[in-house]
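Protein chains: 2
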Amino acid sequence: MTEMKNKGILLVVSGPSGCGKGTVLSHLFSNDKSFALSVSLTTRQPRPGEIDGVHYGFVSREEFRKNIDAHNMLEYTEYCGNYYGTPENRVNELLEQGVNVVLEIETEGAMNVKRARPDAVLVMILPPSYTILEKRLRSRGTNSEEDIAKRLARAREELANLPEYHYCLVNEEGQSKKTADALRAIVVSEKSRICRNTGILEHFYK
Amino acid sequence: MTEMKNKGILLVVSGPSGCGKGTVLSHLFSNDKSFALSVSLTTRQPRPGEIDGVHYGFVSREEFRKNIDAHNMLEYTEYCGNYYGTPENRVNELLEQGVNVVLEIETEGAMNVKRARPDAVLVMILPPSYTILEKRLRSRGTNSEEDIAKRLARAREELANLPEYHYCLVNEEGQSKKTADALRAIVVSEKSRICRNTGILEHFYK
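Line by line, the protein sequences give chains D and W. Mapping of the first sequence onto this note's numbering: position 65 corresponds to residue 65, and the numbering continues sequentially without gaps. Mapping of the second sequence onto this note's numbering: position 47 corresponds to residue 47, and the numbering continues sequentially without gaps.
Some hints could be false.
Note: identical chains are not told apart, hence a pair may lie in one copy or across any two.
Unchecked claim - Listed below are the simulated DSSO-like cross-link pairs for lysine-lysine, each with C-alpha atoms no more than 27 angstroms apart in a straight line:
#, residue 1, residue 2
1, Lys150, Lys135
2, Lys150, Lys33
3, Lys114, Lys33
4, Lys177, Lys191
5, Lys178, Lys114
6, Lys178, Lys33
7, Lys191, Lys7
8, Lys178, Lys135
9, Lys206, Lys150
10, Lys178, Lys206
11, Lys7, Lys33
12, Lys178, Lys191
13, Lys33, Lys177
14, Lys206, Lys7
15, Lys206, Lys135
16, Lys114, Lys135
17, Lys66, Lys114
18, Lys150, Lys66
19, Lys177, Lys206
20, Lys150, Lys178
21, Lys177, Lys135
22, Lys114, Lys7
23, Lys135, Lys7
24, Lys191, Lys206
Please keep in mind that the hints were generated in silico from the structure rather than gathered at the bench.
With the rest of the complex left out, here is chain D:
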């Protein structure tokens, strides 16, 4: 009955800047080959230190357009004159290998993935409270007041999409490992859902 858990889960993870999702995801990926971050394609130039195929797949505008025309972009956006997006063929390859693929994207992209892939599981990571989010952004020191205000406004926009998500996880202070464990639990649980195991009785009686 091993076929039951063979395919990976497509996991969309969103959360406002300052929610700590970077740390949560690094816990998720550390020593766990069953999870992989989807590498986005982009047409922008690589910055110093960025590695092709690790931070992004760096492609020409022409190649990106070819992917769009071939309906291979699960979601994409244009920002400051450059394309950014998720190539579906690579995601599917990993899922078929049983790898759970994580897309770390903003709510707009998440909504596009939800429409295109009803099998995707959408998780929103929340900071404990708005007050704490504000404090976190301020404590970084590197952000100007204007920048903080912009990020907070953006957080409100992102969180307005919460009802469209399937799960929300509150990333309590110093608990990013626990939040990563909850993400793992969501994946284990989703793999056991009846709707993902429609052929199970056939297999049982075989």
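Given chain D, work out where chain W should sit, using these hints.
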């Protein structure tokens, strides 16, 4: 934001005789106070060694009827002239305390609970295959051929209700601990579902 995970989950666990759910549940309850088995009420006489409030709550027919009339039975059935059922007030008390309450019941009772409590999570535990189920029942030695045939027919009946369940877990040979961990993952995951956290943004902005 701790209120988010305060209430327990009502977990209905079913599975054909021979699927190993007894062992799975004993792993779930061992050293884990966050789970409790709901103790059924019955009007039958206690058997030697059975403790009131542990194996069953032993009550008179009159008292059981009073519970039915007060709409306090989440599900109940009459079998060989005796009543058996789940008292809802005790279940609610535990859920309010944050305890996850497990009802180990057959599919008929599970369907009644599902109708009465849309918040209940229904999990079916499956043996790895029909062939293995048959082998397990046979290897017990204590079962007659007639009894085995009866249990297998009953298993088919129970499994026909699988589409009504939310999750299914295949209890692989010697993996009952893993199956118990999957039950735990289902509970963690269910607690994070958006539909169970409708007030979360209000709390976030407070």
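Going through the hints against the structure:
no.	hint	result
1	Lys150 <-> Lys135	within (14 angstroms within a copy, 65 angstroms between copies)
2	Lys150 <-> Lys33	neither (36 angstroms within a copy, 45 angstroms between copies)
3	Lys114 <-> Lys33	within (25 angstroms within a copy, 37 angstroms between copies)
4	Lys177 <-> Lys191	both (21 angstroms within a copy, 17 angstroms between copies)
5	Lys178 <-> Lys114	within (26 angstroms within a copy, 31 angstroms between copies)
6	Lys178 <-> Lys33	both (19 angstroms within a copy, 19 angstroms between copies)
7	Lys191 <-> Lys7	both (8 angstroms within a copy, 24 angstroms between copies)
8	Lys178 <-> Lys135	within (22 angstroms within a copy, 41 angstroms between copies)
9	Lys206 <-> Lys150	between (59 angstroms within a copy, 20 angstroms between copies)
10	Lys178 <-> Lys206	between (40 angstroms within a copy, 24 angstroms between copies)
11	Lys7 <-> Lys33	within (14 angstroms within a copy, 34 angstroms between copies)
12	Lys178 <-> Lys191	both (20 angstroms within a copy, 14 angstroms between copies)
13	Lys33 <-> Lys177	both (17 angstroms within a copy, 22 angstroms between copies)
14	Lys206 <-> Lys7	within (21 angstroms within a copy, 41 angstroms between copies)
15	Lys206 <-> Lys135	between (58 angstroms within a copy, 15 angstroms between copies)
16	Lys114 <-> Lys135	neither (32 angstroms within a copy, 44 angstroms between copies)
17	Lys66 <-> Lys114	within (23 angstroms within a copy, 49 angstroms between copies)
18	Lys150 <-> Lys66	neither (34 angstroms within a copy, 61 angstroms between copies)
19	Lys177 <-> Lys206	between (41 angstroms within a copy, 26 angstroms between copies)
20	Lys150 <-> Lys178	neither (29 angstroms within a copy, 46 angstroms between copies)
21	Lys177 <-> Lys135	within (21 angstroms within a copy, 42 angstroms between copies)
22	Lys114 <-> Lys7	within (18 angstroms within a copy, 29 angstroms between copies)
23	Lys135 <-> Lys7	neither (41 angstroms within a copy, 29 angstroms between copies)
24	Lys191 <-> Lys206	within (21 angstroms within a copy, 35 angstroms between copies)
Checked against the numbered hints above, the structure violates hints 2, 16, 18, 20, 23; every other hint is satisfied.
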